[in-house]
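Undergrad: Next come the chains, spelled out residue by residue.
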Amino acid sequence: MTDEPAPNEDAQLVARTQAGDPAAFDALVVKYSPRLYGLVYNMTSNHEDTNDLLQDVFAKAYRSIAGFRGNSAFYTWVHSIAVNMTINFLKKRGRRMLMSLDDMDAGVENDKEFIELTSSTNPVHEADLGELQIRLNEAMMKLSYDHRAVVTMFDIQGMPHAEIAKILGVSEGTVRSRLFYAHRQLQNYLEEFH
Amino acid sequence: MPVDDQMLSKLLRLKRFEQPPAGYYEDFLREFQERQRAELLRRPTWRILLDRWEAFREEYFTVANFSYATASAAVLCVAAALTFNMLEHPGSGVRSSAVALAANTTASVQPSYALASASARPPTLNASLTPQIRIPDAFLESSFAPVATDGNHPRYILDTRPASYEPPFSF
Chain A
1 MTDEPAPNED AQLVARTQAG DPAAFDALVV KYSPRLYGLV YNMTSNHEDT NDLLQDVFAK
61 AYRSIAGFRG NSAFYTWVHS IAVNMTINFL KKRGRRMLMS LDDMDAGVEN DKEFIELTSS
121 TNPVHEADLG ELQIRLNEAM MKLSYDHRAV VTMFDIQGMP HAEIAKILGV SEGTVRSRLF
181 YAHRQLQNYL EEFH
Chain B
1 MPVDDQMLSK LLRLKRFEQP PAGYYEDFLR EFQERQRAEL LRRPTWRILL DRWEAFREEY
61 FTVANFSYAT ASAAVLCVAA ALTFNMLEHP GSGVRSSAVA LAANTTASVQ PSYALASASA
121 RPPTLNASLT PQIRIPDAFL ESSFAPVATD GNHPRYILDT RPASYEPPFS F
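Heads up: the sequence lines are chains A and B, in that order. Residue numbering for the first sequence follows the numbering used here, beginning at 1 and increasing consecutively. Residue numbering for the second sequence follows the numbering used here, beginning at 1 and increasing consecutively.
For the record, the hints were derived by calculation from the structure and aren't laboratory data. It cannot be assumed that every hint is accurate.
Straight-line alpha carbon distances no greater than 20 Å define the calculated DMTMM-like cross-link-like pairs of lysine to aspartate or glutamate that follow [unchecked claim]:
{"#": "1", "chain 1": "B", "residue 1": "Lys10", "chain 2": "A", "residue 2": "Asp49"}
{"#": "2", "chain 1": "A", "residue 1": "Lys31", "chain 2": "A", "residue 2": "Asp52"}
{"#": "3", "chain 1": "B", "residue 1": "Lys10", "chain 2": "A", "residue 2": "Glu138"}
{"#": "4", "chain 1": "A", "residue 1": "Lys142", "chain 2": "A", "residue 2": "Asp111"}
{"#": "5", "chain 1": "A", "residue 1": "Lys31", "chain 2": "A", "residue 2": "Asp56"}
{"#": "6", "chain 1": "B", "residue 1": "Lys10", "chain 2": "A", "residue 2": "Glu192"}
{"#": "7", "chain 1": "A", "residue 1": "Lys60", "chain 2": "B", "residue 2": "Glu34"}
{"#": "8", "chain 1": "B", "residue 1": "Lys10", "chain 2": "A", "residue 2": "Glu131"}
{"#": "9", "chain 1": "A", "residue 1": "Lys31", "chain 2": "A", "residue 2": "Asp10"}
{"#": "10", "chain 1": "A", "residue 1": "Lys166", "chain 2": "A", "residue 2": "Glu131"}
{"#": "11", "chain 1": "A", "residue 1": "Lys60", "chain 2": "A", "residue 2": "Asp49"}
{"#": "12", "chain 1": "B", "residue 1": "Lys10", "chain 2": "A", "residue 2": "Glu191"}
{"#": "13", "chain 1": "A", "residue 1": "Lys142", "chain 2": "B", "residue 2": "Asp5"}
{"#": "14", "chain 1": "A", "residue 1": "Lys31", "chain 2": "B", "residue 2": "Glu26"}
{"#": "15", "chain 1": "A", "residue 1": "Lys31", "chain 2": "B", "residue 2": "Asp4"}
{"#": "16", "chain 1": "A", "residue 1": "Lys31", "chain 2": "B", "residue 2": "Glu18"}
{"#": "17", "chain 1": "A", "residue 1": "Lys60", "chain 2": "B", "residue 2": "Glu31"}
{"#": "18", "chain 1": "A", "residue 1": "Lys91", "chain 2": "A", "residue 2": "Asp52"}
{"#": "19", "chain 1": "A", "residue 1": "Lys91", "chain 2": "A", "residue 2": "Glu163"}
{"#": "20", "chain 1": "A", "residue 1": "Lys60", "chain 2": "B", "residue 2": "Glu18"}
{"#": "21", "chain 1": "A", "residue 1": "Lys31", "chain 2": "B", "residue 2": "Asp27"}
{"#": "22", "chain 1": "A", "residue 1": "Lys31", "chain 2": "B", "residue 2": "Glu34"}
{"#": "23", "chain 1": "B", "residue 1": "Lys10", "chain 2": "A", "residue 2": "Asp111"}
{"#": "24", "chain 1": "A", "residue 1": "Lys142", "chain 2": "A", "residue 2": "Asp49"}
{"#": "25", "chain 1": "A", "residue 1": "Lys142", "chain 2": "B", "residue 2": "Asp4"}
Label pairs and their computed distance ranges (CB to CB) [stated by the list, open to error]:
{"#": "26", "chain 1": "B", "residue 1": "Thr70", "chain 2": "A", "residue 2": "Pro34", "range": "50 to 60 Å"}
{"#": "27", "chain 1": "A", "residue 1": "Val170", "chain 2": "B", "residue 2": "Leu49", "range": "24 to 34 Å"}
{"#": "28", "chain 1": "A", "residue 1": "Pro160", "chain 2": "B", "residue 2": "Gln36", "range": "42 to 52 Å"}
{"#": "29", "chain 1": "A", "residue 1": "Gly70", "chain 2": "B", "residue 2": "Glu26", "range": "25 to 35 Å"}
{"#": "30", "chain 1": "A", "residue 1": "Thr76", "chain 2": "B", "residue 2": "Ala73", "range": "49 to 59 Å"}
{"#": "31", "chain 1": "B", "residue 1": "Arg42", "chain 2": "A", "residue 2": "Glu191", "range": "46 to 56 Å"}
{"#": "32", "chain 1": "B", "residue 1": "Leu87", "chain 2": "A", "residue 2": "Asp21", "range": "38 to 48 Å"}
{"#": "33", "chain 1": "A", "residue 1": "Ser171", "chain 2": "B", "residue 2": "Leu49", "range": "51 to 61 Å"}
{"#": "34", "chain 1": "B", "residue 1": "Ala79", "chain 2": "A", "residue 2": "Asp21", "range": "45 to 55 Å"}
{"#": "35", "chain 1": "B", "residue 1": "Gln6", "chain 2": "A", "residue 2": "Ala162", "range": "18 to 28 Å"}
These numbers come from a predicted model, not from an experiment. Note that beta-carbon positions come from the ideal geometry of N, C-alpha and C, so glycine has one too.
Bound conformation, chain B alone (with noise of 0.2 Å):
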């Protein structure tokens, strides 16, 4: 028996009817959330040691986030205004008395050690080992100095800024 165009149709239509069983559609909603949160639990591992590590500085390194980026961006700026200092007055003015103290202690240091002999004497080290401290040349222009007014008194004023408001690199 021929099948027409009609009879073909409603064969077609009959599909319809083909059903999953019943509560599948609830079953799907579910299954498909949990897909949703297993992916967002599937993490690459290097953000879970990023988190880790978070979490790790947070519980051992009590100290405020935000201040290590402070202190990061003090020593930047510290270190940004000596170098930009340096660079604009290389001949004179405060000499970073941290250069001087590599300066001396690296072309200077030469430790002496005695073996043990009839004299003794403990081992010694050079003299010139002890740091030296350059006073910078505005230090030096008497600015403590009393200075002569066209009156008969002293002026015991300071005239120009003392060296420098710059931390030492002393330490």
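Same shape as in the complex, but just chain A (with noise of 0.2 Å):
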């Protein structure tokens, strides 16, 4: 699912960056920007957040760029700040769950798995998948932060398990483990729904 970054783009873009072209900032923003989005809302579930934290997570990145060394592809370096920046607002935030929850995209009705769910022959009706979907959310924001980042990188981003630990810090089998117990915990409180 994951498009394969470009590492020799990015990096051409992050030298030029470093050497005062903002247009080559620009550019890394427009190429990141829905892949960073898209992380932090299914963290936050809260479209308003999310605008504002991808705006500092940029400006951090930017303000940060001159001491990046390139050891790390920018790409996980630049989901790194957007993961911590996410859980150090998510702390502060505290338990006030304040969702506000994008719209599904038109071409979700193209999907497959979509269409699988909602066949005749799958008990799982459109209309009980909005109300799924709904409770899903609910569900992602009962996890804790840690286990709540992988479940969004795995299973809704579809990054790899190397990829999620690079970009957290920790170990493959850390990732492996984080997302079992957090497949645990969405299935129970997803069957207390049906």
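Two independent chains are provided; combine them into the complex using the hints.
TA: Written out as structure tokens, the structure is:
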């Protein structure tokens, strides 16, 4: 699902940014804002908070890019910034859960999994699917920040375990165990709904 | 109905389709650029004051910028040379006339003012107020006196350097 980031292209844009070309950083913003939006949104479930956080993430990345040495891919580096800032924001926000969900894109109706879930042979009807999605968002908010991060990156954004491990600065085993625990939690909560 | 791993995975993947409104990312970039500009304009107060002072100086003092540094450097060099010279030759040679002037004036200035009286003499200053310039010893060493030579013709040439080419502190 994830597009393979082009490291050479990113490296060139980073070098140009470090040399003082703001248009190069604008290109990085355009390239990574959809991906990072998805990451932050699925962790906060709030569109307004996501917008503010995303602005802060790119502002911090721009301020820190002079010190970026290329030891990791820009993709990994900026994702680390996004995850850390989002977790810090959620800790400050505390238990106040203000969900402000984005609408489903119309393209979902052409999605294979959507079609499978809403087909006549499947007991999950489209109306129930909408309710199930709301419950899923509520269930996501009940996960801890660390578990929510791995579910977002693996299940929603389709990142491999190795990449998630680099972003979070943990081992792949930790990523897998967090995923396992998070899936159990989500299933228990959704089974209460059904 | 239990939600198995496969169904959960499908439900989670459908969340990819939860997207912001159309045009959001274009607005996002514009908002980010405006924010960057605003941060550049938001400068500390001391920096703003310094910039204003430099602008004022450039407007009202039309001397070239480098001349201040040049003049300052020249003054420092002269002061250093004089100080070095004084330290090397403390008892002879050139003595600063400014030092002498300061010493004499502080010691001797005693203005006397007479109140209006029958004689009504105007106030007079002490005669020792006049600045006393010490003539350097080297200058008195007959540098300009004719020197007898082995020949019969006196020589009217300078055998020694004049006292000093350094600017006197008489002003």
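Undergrad: All the hints need checking, so say for each whether the structure fits it.
TA: Here is how each hint holds up against the structure:
{"no.": "1", "hint": "B:Lys10 to A:Asp49", "in the structure": "violated, 26 Å"}
{"no.": "2", "hint": "A:Lys31 to A:Asp52", "in the structure": "holds, 18 Å"}
{"no.": "3", "hint": "B:Lys10 to A:Glu138", "in the structure": "holds, 17 Å"}
{"no.": "4", "hint": "A:Lys142 to A:Asp111", "in the structure": "violated, 27 Å"}
{"no.": "5", "hint": "A:Lys31 to A:Asp56", "in the structure": "holds, 16 Å"}
{"no.": "6", "hint": "B:Lys10 to A:Glu192", "in the structure": "holds, 18 Å"}
{"no.": "7", "hint": "A:Lys60 to B:Glu34", "in the structure": "holds, 15 Å"}
{"no.": "8", "hint": "B:Lys10 to A:Glu131", "in the structure": "holds, 15 Å"}
{"no.": "9", "hint": "A:Lys31 to A:Asp10", "in the structure": "holds, 10 Å"}
{"no.": "10", "hint": "A:Lys166 to A:Glu131", "in the structure": "violated, 35 Å"}
{"no.": "11", "hint": "A:Lys60 to A:Asp49", "in the structure": "holds, 16 Å"}
{"no.": "12", "hint": "B:Lys10 to A:Glu191", "in the structure": "holds, 15 Å"}
{"no.": "13", "hint": "A:Lys142 to B:Asp5", "in the structure": "holds, 18 Å"}
{"no.": "14", "hint": "A:Lys31 to B:Glu26", "in the structure": "holds, 11 Å"}
{"no.": "15", "hint": "A:Lys31 to B:Asp4", "in the structure": "violated, 35 Å"}
{"no.": "16", "hint": "A:Lys31 to B:Glu18", "in the structure": "holds, 19 Å"}
{"no.": "17", "hint": "A:Lys60 to B:Glu31", "in the structure": "holds, 15 Å"}
{"no.": "18", "hint": "A:Lys91 to A:Asp52", "in the structure": "holds, 16 Å"}
{"no.": "19", "hint": "A:Lys91 to A:Glu163", "in the structure": "violated, 24 Å"}
{"no.": "20", "hint": "A:Lys60 to B:Glu18", "in the structure": "violated, 26 Å"}
{"no.": "21", "hint": "A:Lys31 to B:Asp27", "in the structure": "holds, 14 Å"}
{"no.": "22", "hint": "A:Lys31 to B:Glu34", "in the structure": "holds, 19 Å"}
{"no.": "23", "hint": "B:Lys10 to A:Asp111", "in the structure": "holds, 10 Å"}
{"no.": "24", "hint": "A:Lys142 to A:Asp49", "in the structure": "holds, 18 Å"}
{"no.": "25", "hint": "A:Lys142 to B:Asp4", "in the structure": "holds, 19 Å"}
{"no.": "26", "hint": "B:Thr70 to A:Pro34: 50 to 60 Å", "in the structure": "holds, 58 Å"}
{"no.": "27", "hint": "A:Val170 to B:Leu49: 24 to 34 Å", "in the structure": "violated, 49 Å"}
{"no.": "28", "hint": "A:Pro160 to B:Gln36: 42 to 52 Å", "in the structure": "violated, 33 Å"}
{"no.": "29", "hint": "A:Gly70 to B:Glu26: 25 to 35 Å", "in the structure": "holds, 29 Å"}
{"no.": "30", "hint": "A:Thr76 to B:Ala73: 49 to 59 Å", "in the structure": "holds, 53 Å"}
{"no.": "31", "hint": "B:Arg42 to A:Glu191: 46 to 56 Å", "in the structure": "holds, 52 Å"}
{"no.": "32", "hint": "B:Leu87 to A:Asp21: 38 to 48 Å", "in the structure": "violated, 57 Å"}
{"no.": "33", "hint": "A:Ser171 to B:Leu49: 51 to 61 Å", "in the structure": "holds, 53 Å"}
{"no.": "34", "hint": "B:Ala79 to A:Asp21: 45 to 55 Å", "in the structure": "holds, 48 Å"}
{"no.": "35", "hint": "B:Gln6 to A:Ala162: 18 to 28 Å", "in the structure": "holds, 23 Å"}
Violated hints, in rising order: 1, 4, 10, 15, 19, 20, 27, 28 and 32; the structure is consistent with all others.
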